[in-house]
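Generate the whole structure from the sequences, applying the supplied hints.
Residues per chain are reported as follows:
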Amino acid sequence: MSLRNKAVIVGVGESDIGKMPHMTGLGLNAQAAKRAIDDAGLKVSDIDGLLTAYSFTEPYFMLGTVMAEYLGLKPRFCASMIVGGASPAAMLHHAAMAVAQGQCNTVLVCAGENRATGMTRDEAVAALAAVGHPYFEAPYGASIPALYALIAQRYMHEFGLSREALASVAVMARRHAGLHPNAHMRKPITAADVLNAKPIAEPLTMLDCCLISDAGGAFIVTSPERARDLPCKPAYLLGIGECHTHEHLLCADSLTRFGAVESGRAAYAMAGLGPKDMDLAQLYDCFTIVPIIELEELGFCAQGEGGAFFAAGKTGIHGELPVNTHGGMLSHAHAGAVGGLMGIVEAVRQLRGGLGERQVPNAEVALVHNEGGILSSHCTAILGMQPR
Amino acid sequence: MTTIPKFAAGNADSKPYWEAAQQGRLVFKKCLACGQIQFPPRHLCPKCWSDRSEWVTSAGTGRVYSYSIVRRAPSPAHAGKVPYVLAVVDLDDAPRMVTNIVGEDALGVKIGDAVKVVFEACDGGAIPQFQRALK
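Protein sequences, first through last, are from chains A and B.
For the record, in the first sequence the residue sitting at position 164 is 164 according to our numbering, with numbers rising by one throughout.
For the record, in the second sequence the residue sitting at position 79 is 79 according to our numbering, with numbers rising by one throughout.
Hints listed in this document are in silico derivations from the structure and should not be mistaken for laboratory results.
A portion of the hints provided could be inaccurate.
[Claimed, not checked] Straight-line Cα separation of at most 30 Å, DSSO-like style, residue types lysine-lysine; simulated pairs:
{"id": "1", "chain 1": "A", "residue 1": "Lys6", "chain 2": "A", "residue 2": "Lys43"}
{"id": "2", "chain 1": "A", "residue 1": "Lys198", "chain 2": "B", "residue 2": "Lys110"}
{"id": "3", "chain 1": "B", "residue 1": "Lys30", "chain 2": "A", "residue 2": "Lys198"}
Just so we're clear, the structure is a prediction, and the values are computed from it rather than from any experiment.
Right under this line is the structure:
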């Protein structure tokens, strides 16, 4: 059964973002959930499904059930999903399946944690190293930035990507974050700032790496029928697809070809649309190299041309394909699985319109891509204001 | 300099790998049904699901496919080593490994460099790493 037009996102919310020492990770989720419910015009009692992801800062085991308990919900559909950064789009996929099959009517999807103040930067880096293989990568000091740096280095070698073009991804993200009132980092940066930032794992510097924020995000999935009498404008799920090729980098078939090709193809096929039909894209950007690869794998430009696409300014608000209009994980927020979730929140907001300077003109169809691990788990979603 | 996690050395899938490393040999599990050399070692072949396999010794030579000079370590165990080289090495007779390039000239590493395995004793075990081959 195709999920096209079978589910809609009716409410979106983000917590306060930045350093929030007065908030717990669950509290940030709850704040975002309350804002999403209010945005949708729903009552708490309407929620009968809940999905969340994972947390490095909270000690709980059954996080989905814990989240429901914290919010005072007794859902009939509930789980915590762990496919890394791909979790939010994958949760959208699962929520849409549950709604389309009548397993429940209205699903709250939320994620996030207090990663900036709930743990030290060293603790965060050490915890994240768990994404690497515990026996065959970790003993070599394979940090997450270093594993992505291996991909960046090979890409630069094979396709002649310049360091400056790589930096332009971070510069554009910051420019967009400057237009977002809730973004974590809004002070403009230049390519020189990126190149001269503290080196982390060559060729990546601190400004090539996503933020460590306190942040929570939420969205609400329901049926088009249920959305009919709600005050908000629903965003239709037009297409969605996943592909999971490996977890650990050493098991990846290739360091230059990943599963976004397959997840993108599946999403386009379900929607009956192609890359040229997309008015904007929210691409996962844990490191600057990642949206360059995604841009190519999702068909927006040829392999090897993603860096030039960014460097030429084509991803700006008024460019050929606006990308990460909220500032992405590089500048808006990142904490746990919330990075990719904010891409979904921003896509819905862009489709509804009215964002002022940040608004992409005539935005009717948006693509969101989430990836988890080391370009391991991929999920692509296509959203639109009209059913198709 | 590097610490092998104790759980790694004792893992049922990989115990022969670490025992061989301690004796200065790099070994891989080879499928007796389809010939696939698998890494990391598993209970069955990820290509054909045969559970019949043997351990074979690699010549330990290969080339650098990619590398990164790491300047911020992920754990206290590696903090004293920075800067160090994390690399992807394609072995001539076995699969790809994520490893370190070590030796005096390690920081001069380039993609395509020929490398050879070396074993560094550490914490009651040994860990396979690679050195750039002499020209």
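Comparing the hints with the structure gives:
1. Under the criterion of a C-alpha separation no larger than 30 Å, the hint pairing Lys6 of chain A with Lys43 of chain A is consistent with the structure, at around 22 Å.
2. Only pairs whose Cα atoms come within 30 Å are accepted, and Lys198 of chain A paired with Lys110 of chain B is accepted, the gap being roughly 22 Å.
3. For the hint linking Lys30 of chain B to Lys198 of chain A, the alpha-carbon distance of about 43 Å lies beyond 30 Å, and the restraint is violated.
Comparing the model with each numbered hint stated earlier shows that hint 3 is the single one that does not hold.
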